[in-house]
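**Q** Working from the sequences, and respecting the hints, build out all of it.
These protein sequences, in sequence, are chains A and B.
Quick note on numbering: the first sequence equals residues 1 to 417 in our numbering.
Quick note on numbering: the second sequence equals residues 418 to 834 in our numbering.
It should be emphasised that the hints constitute simulated quantities derived from the structure, not laboratory data.
Warning: the hint list may mix true and false statements.
As the list claims (entries may be wrong) - Residues from chain A that face chain B, not an exhaustive set, calculated with beta carbons under 7 Å: (1) Ser78; (2) Arg80; (3) Phe81; (4) Leu83; (5) Val165; (6) Gly285; (7) Ala291; (8) Asp294; (9) Tyr344; (10) Pro392; (11) Ala394; (12) Asp395.
Given the structure is predicted, the values throughout are model-derived calculations rather than measurements.
Positions of the beta carbon are idealized from the N, C-alpha and C atoms, including for glycine.
Number of protein chains: 2
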Amino acid sequence: MAKKNAFYAQSGGVTAVINASACGVIETARKHKDKIGKVYAGRNGIIGALTEDLIDTSKESDEAIAALRHTPSGGFGSCRFKLKSLEANKREYERLIEVFKAHDIGYFFYNGGGDSADTCFKVSQLSEAMGYPIQAIHVPKTVDNDLPITDCCPGFGSVAKYIAVSTLEASFDVRSMAKTSTKVFVLEVMGRHAGWIAAAGGLVEDQGIPVVILFPEVEFDQAKFLAKVDDNVKKHGFCTVVVSEGCHYPDGRFLAEQGTRDAFGHAQLGGAAPVVANMIKDALGHKFHWAVADYLQRAARHIASKTDVKQAYQLGKAAVDLALKGHNSVMPTVDRLSDAPYKYKIGMAPLAEVANVEKMMPKDFITKDGFGITAKCKRYLTPLIQGEDYPPYADGLPVYVTLKNVAVPKKLGEFKL
Amino acid sequence: MAKKNAFYAQSGGVTAVINASACGVIETARKHKDKIGKVYAGRNGIIGALTEDLIDTSKESDEAIAALRHTPSGGFGSCRFKLKSLEANKREYERLIEVFKAHDIGYFFYNGGGDSADTCFKVSQLSEAMGYPIQAIHVPKTVDNDLPITDCCPGFGSVAKYIAVSTLEASFDVRSMAKTSTKVFVLEVMGRHAGWIAAAGGLVEDQGIPVVILFPEVEFDQAKFLAKVDDNVKKHGFCTVVVSEGCHYPDGRFLAEQGTRDAFGHAQLGGAAPVVANMIKDALGHKFHWAVADYLQRAARHIASKTDVKQAYQLGKAAVDLALKGHNSVMPTVDRLSDAPYKYKIGMAPLAEVANVEKMMPKDFITKDGFGITAKCKRYLTPLIQGEDYPPYADGLPVYVTLKNVAVPKKLGEFKL
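**A** Here is the structure:
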């Protein structure tokens with residue numbers, strides 16, 4: 001096998017552990033210098049490849065690459081950019097081949113979710129479709145946990161841990177305040193189509209916290225929801241609500257898109273949490289507090305799951321191992337062997353079966369009333385939030401690495417996106 | 418000195434470390450059983466005293482009391498309830514004395530912020546005004562950091578650490594996404610009148626993060642603000658905004674007032690972040706994300722400042738020590754001796770000078786343009802977020818204690834609040 005350079009890029013929404021996968025890819029490639037030359041990272045994902053904006057990761061010290069393991073976000077920049085089909089935009093594929101050729105790139109590692117798996121899949125077809133030998137391996141990443149085949153996706157375990165911990169802490173808070181003040185706390189979490197993240201809020205129920213979860217998979221029923229909250233407040237004195245941003249009415253309209261107005265007549269500006277909170281106030285009269293975690297949840301490396309960090313690294317490493325074994329158009333996966341004790345092995349899935357497929361919460365993970373998670377769901381989630389993997393600190397703040405990101409000299413002309 | 422029982426209660430908004438103060442009070446009292454009998458905690462603050470709803474903390478094991486040190490929220494329940502003046506409501510004071518007498522209470526420890534210090538001050542006057550011998554000591558607590566005399570307030574260091582860490586992590590995230598997606602991230606933080614919490618966001622600037630802070634102390638100037646954000650996006654490609662819930666226009670109108678008021682008559686706020694984010698979108702066209710941390714910030718024991726936890730405990734302990742020395746109507750304080758190395762001693766302030774006084778950010782802590790913090794402010798803040806004090810974990814979640822909270826048998830008739 002002739003020695004070739006590798007291309008690695010990060011795509012879509014970043015996570016607390018996508019850099020741990022980058023660390024796995026680069027450290028493993030560095031151990032195989034006989035087969036893999038340099039690892040060039042795309043600055044801002046596939047855009048870096050199209051515009052020949054490559055980062056020479058060999059300019060980074062071993063220490064800096066190791067620090068990626070505990071640094072959230074995308075160290076090389078990410079992008080939201082989906083390649084069109086070969087038929088619709090041949091020009092982009094020709095450009096990719098031109099860049100790969102110019103920089104002697106034979107391995108393509110793409111680190112992302114469902115849309116990105118589609119991009120990776122298209123690149124993997126270049127060998128056959130356009131006669132350029134490339135091995136494209138997808139490294140799974142998404143806080144949404146909605147990739148098929150793999151048991152879980154790196155990024156999810158950490159956001160689940162963050163949401164479970166935050167739900168627990170805020171619930172203790174509202175429980176303290178409920179006698180004379182706030183009785184309902186509403187936390188809005190990510191998950192436009194799948195309720196995996198919202199489900200994590202249910203993990204605190206075993207500590208005596210009444211939690212009502214609003215999943216995107218369950219059509220919102222206002223009367224039933226209010227009755228459930230009212231029941232919890234009557235029984236426990238307080239109630240916590242975890243609402244997914246993707247929660248919607250039967251007609252598909254998101255809760256956040258209500259067009260409601262505040263006390264001054266101003267349109268309410270986004271956010272399912274304030275909508276739900278005000279709904280409770282209006283119907284039941286309870287004082288509320290609400291939070292929207294947004295980026296805080298997916299960037300929260302300070303409370304990352306040790307299991308998640310480990311898997312993110314392992315899948316980055318596995319991607320390189322698969323490439324060295326000659327694979328193309330595949331994605332390494334987490335294959336669960338048992339819940340308790342938690343055991344898994346690293347497997348492999350064909351990209352054709354991964355791209356553009358969304359894995360929703362199974363029906364038997366959601367309680368019959370639609371507002372909670374089942375024991376089966378808890379058995380699934382619990383191992384994924386296991387363990388703490390604290391970053392180093394200095395002066396009270398985590399020490400996260402910002403790479404030098406030195407550009408590889410360009411060899412080609414400009415390319416308009 | 419005759420042996421007397423003690424009353425302890427938590428008041429106002431709870432924090433990540435108010436229970437650490439409770440731990441300091443109870444553990445210290447347990448070491449002085451010759452002078453202090455039982456510690457009765459008020460269930461839900463002063464309401465517990467008025468309604469004779471007392472908790473017998475002697476029913477809790479040493480282990481449970483020790484676990485308070487790493488448990489956020491108010492373990493005995495808090496309240497938002499302010500005693501009126503003696504003239505306006507003598508009935509409540511007579512009732513307090515009746516309850517204190519019935520349960521042989523000679524020490525009154527009240528753990529709260531400015532409004533609560535006022536309640537504690539009023540109780541401390543009972544000795545003279547109504548001839549009942551009581552020693553009332555206030556244990557400072559407020560995430561707002563706005564109590565006078567003391568250099569800082571327990572609860573603040575931990576929320577400052579949470580906000581600094583979250584700002585850092587979310588800023589790394591938006592920096593990764595900025596090329597093709599989100600360019601501005603807006604984080605809303607607590608702080609109705611004082612910008613101490615918002616200031617903590619400025620601690621990440623040294624890591625190359627452009628942060629624009631909107632303080633309650635600085636009247637909001639939309640044009641100037643938008644120009645600042647625009648400048649940052651042009652220079653860095655992205656910008657982080659930390660907006661205090663108390664940020665307001667020159668006419669006093671909050672950026673996001675919901676029109677509702679709490680029990681103290683304060684306007685209940687929430688939702689400055691979406692207002693600011695949409696303002697940026699409309700004027701500059703940048704894609705944004707926004708988060709509202711709300712309770713998550715003050716309950717975040719998982720990322721508490723070690724300095725803060727230590728001081729919260731020390732001030733609880735100091736309150737008991739001061740009582741044993743015969744003091745009344747005082748509050749133990751943190752007196753800073755030096756910034757670096759950080760040194761402080763525990764001092765004492767008269768409650769008459771503490772109650773109802775709010776400490777704003779000094780002018781020389783805010784940069785001239787009104788959007789950042791000065792080097793002096795950083796020297797003040799940095800020691801307060803030093804050190805991590807992680808709680809124990811099991812199954813991926815923190816192990817927080819829920820006390821048994823056994824009621825003391827009532828001896829008196831009912832009291833209508």
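**Q** Look at each hint and say if it fits the structure.
**A** Okay, the hints, checked on the actual structure:
no.	hint	in the structure
1	Ser78	holds, 5 Å
2	Arg80	holds, 5 Å
3	Phe81	holds, 6 Å
4	Leu83	violated, 13 Å
5	Val165	holds, 5 Å
6	Gly285	violated, 11 Å
7	Ala291	holds, 4 Å
8	Asp294	holds, 4 Å
9	Tyr344	violated, 16 Å
10	Pro392	violated, 10 Å
11	Ala394	violated, 10 Å
12	Asp395	holds, 6 Å
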